[in-house]
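**Student:** Going down the list, the sequences are from chains D and X. So for the first sequence, my numbering puts the first residue at 1; every next one is plus one. So for the second sequence, my numbering puts the first residue at 1; every next one is plus one.
Hints in this document: simulated from the structure, not taken from any laboratory. It should be emphasised that the depicted structure is a prediction, and the values quoted were computed from it without experimental measurement. Watch out, some of these pointers could steer you wrong.
Here are the simulated DSBU-like pairs of lysine-lysine, each with C-alpha atoms no more than 35 Å apart in a straight line [claimed, not checked]:
#1 D:K172 to X:K223
#2 D:K172 to X:K28
#3 X:K41 to D:K160
#4 X:K74 to D:K143
#5 X:K3 to X:K207
#6 D:K49 to D:K6
#7 X:K194 to X:K161
#8 X:K47 to D:K134
#9 X:K28 to D:K160
#10 D:K80 to D:K49
#11 X:K207 to X:K28
#12 D:K143 to X:K47
#13 D:K160 to X:K47
#14 X:K74 to D:K172
#15 D:K134 to D:K49
#16 D:K143 to X:K207
#17 D:K77 to D:K134
#18 D:K134 to X:K207
#19 D:K49 to D:K73
#20 D:K160 to X:K74
#21 X:K47 to D:K172
#22 D:K6 to D:K134
#23 X:K207 to X:K223
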Amino acid sequence: MSEVKKIRIATCSLAGCFGCHMSLLDIDERLFDLLELVEFDRTPLTDIKHCSPCDVGIVEGGVCNAENVHVLKEFRKNCKVLVAMGACAITGGLPAMRNNIDLWDCFQEVYQYEGGLEGGQIPNDPELPLPFDKVHPIYEVVKVDYFLPGCPPSGDAIWKFLTDLLAGREPKLDYEQLHYD
Amino acid sequence: MSKTITIDGTNIPFTEGQTIMDAALAAKVYIPHLCHNPEFKPHGSCKLCTVNINGRAVSACTMPASEGTVVENKTEELNNERRAIVQMLFVEGNHLCPTCEKSGNCQLQAVAYCLDMMTPHYNHFYPPREVDASHPDVFLDRNRCILCELCVRASRDVDGKNVFGLSGRGIGSRLVVNSTSGRLGDSTFAFTDKAAQVCPTGAILIKRQGFSVPIGSRIYDHKPICQVEIEGKGGEHE
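Start from the sequences, fold in the hints, and give me the full structure.
**Tutor:** Structure, rendered in structure tokens:
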């Protein structure tokens with residue numbers, strides 16, 4: 001008996017809060033239906049560190065540092081279809097609120113001036129990724145095929161989007177599933 | 001016999017002096033718009049209400065209706081252009097919907113939903129814009145201002161105060177306040193002014209009211225703006 005080849009999906013969170021991934025889990029028992037159709041490559045769920053060739057890549061979060069760009073480019077290179085999931089991947093989102101604040105001022109506020117800190121130091125380990133002065137949505141760095149807005153998109157919106165995509169239809173959200181907040 | 005125009009093949013009656021937008025709204029036909037509010041003189045700046053008449057693109061809110069005019073409104077081509085305009089408005093400001101208390105009641109957002117905007121598409125400017133919290137009752141957040149001049153018109157024509165104006169050019173265009181310090185708190189502005197009620201986005205917000213309506217009960221949570229604008233004629237309250 002030949003087994004139907006499963007669609008291979010990779011996901012990651014760049015400058016995001018993992019809220020979109022939590023929302024993915026919010027599809028609840030439909031996860032079992034999903035797992036009949038797909039298998040996961042790199043995701044925070046499998047803890048696989050690097051993306052191998054996939055059918056679909058789903059990216060949460062914007063681009064705020066050099067590591068984000070490396071991960072994003074790895075996804076673009078390996079995924080036939082790349083999806084921007086959530087407000088941060090599509091607009092920069094909440095992290096982009098720092099875009100008009102000087103980066104050094106930002107660091108000082110967080111690591112030195114914040115109440116309760118004593119002898120606070122700004123982290124400066126060479127292993128830490130280099131932060132950018134501005135946070136950008138992922139489509140400003142690589143080509144993105146589909147967008148799934150929301151902060152986060154609801155479980156129902158993610159389910160509608162994925163089932164459309166997996167069935168070979170152009171993904172189309174219902175009115176109440178399309179929101180930017 | 002009353003005079004008529006046709007919009008997308010439907011006969012729409014009008015009276016002399018009405019614009020295409022006036023006639024459409026009276027007949028409960030939605031033409032997307034942001035800078036237009038029937039209570040004020042048309043402005044014709046946002047260009048969302050662009051329609052085709054004899055192959056020419058005109059603003060429905062400023063174009064007088066005339067007998068027999070054939071108007072194209074709901075075409076894929078026009079909606080594609082309208083979506084591009086809204087996308088440009090999004091990237092030219094700092095419209096971070098998850099952080100904005102107007103979200104769900106915002107006309108910019110609602111028009112974008114109506115036009116199936118899935119992404120702002122263009123590169124973001126993230127322009128530096130000033131927030132003015134100096135007024136005891138009202139926030140002025142220029143990050144969200146789309147320069148529609150509704151507050152300018154309301155303050156000038158209804159409140160008789162001339163509190164607001166536009167200044168600068170291009171990406172530097174901004175809303176300015178008529179006070180010696182330039183701060184809203186030092187102007188004659190009051191939260192009871194008409195100008196405090198007309199902002200289509202979250203640029204002018206009355207303080208201590210944020211998030212008073214839960215998600216799910218906001219104006220555009222279940223009904224698209226094309227429906228709200230038509231059904232809500234007369235006595236709508238935000």
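**Student:** Could you work out which of the previously given hints the structure breaks and list their numbers from low to high?
**Tutor:** 3, 5, 16, 22
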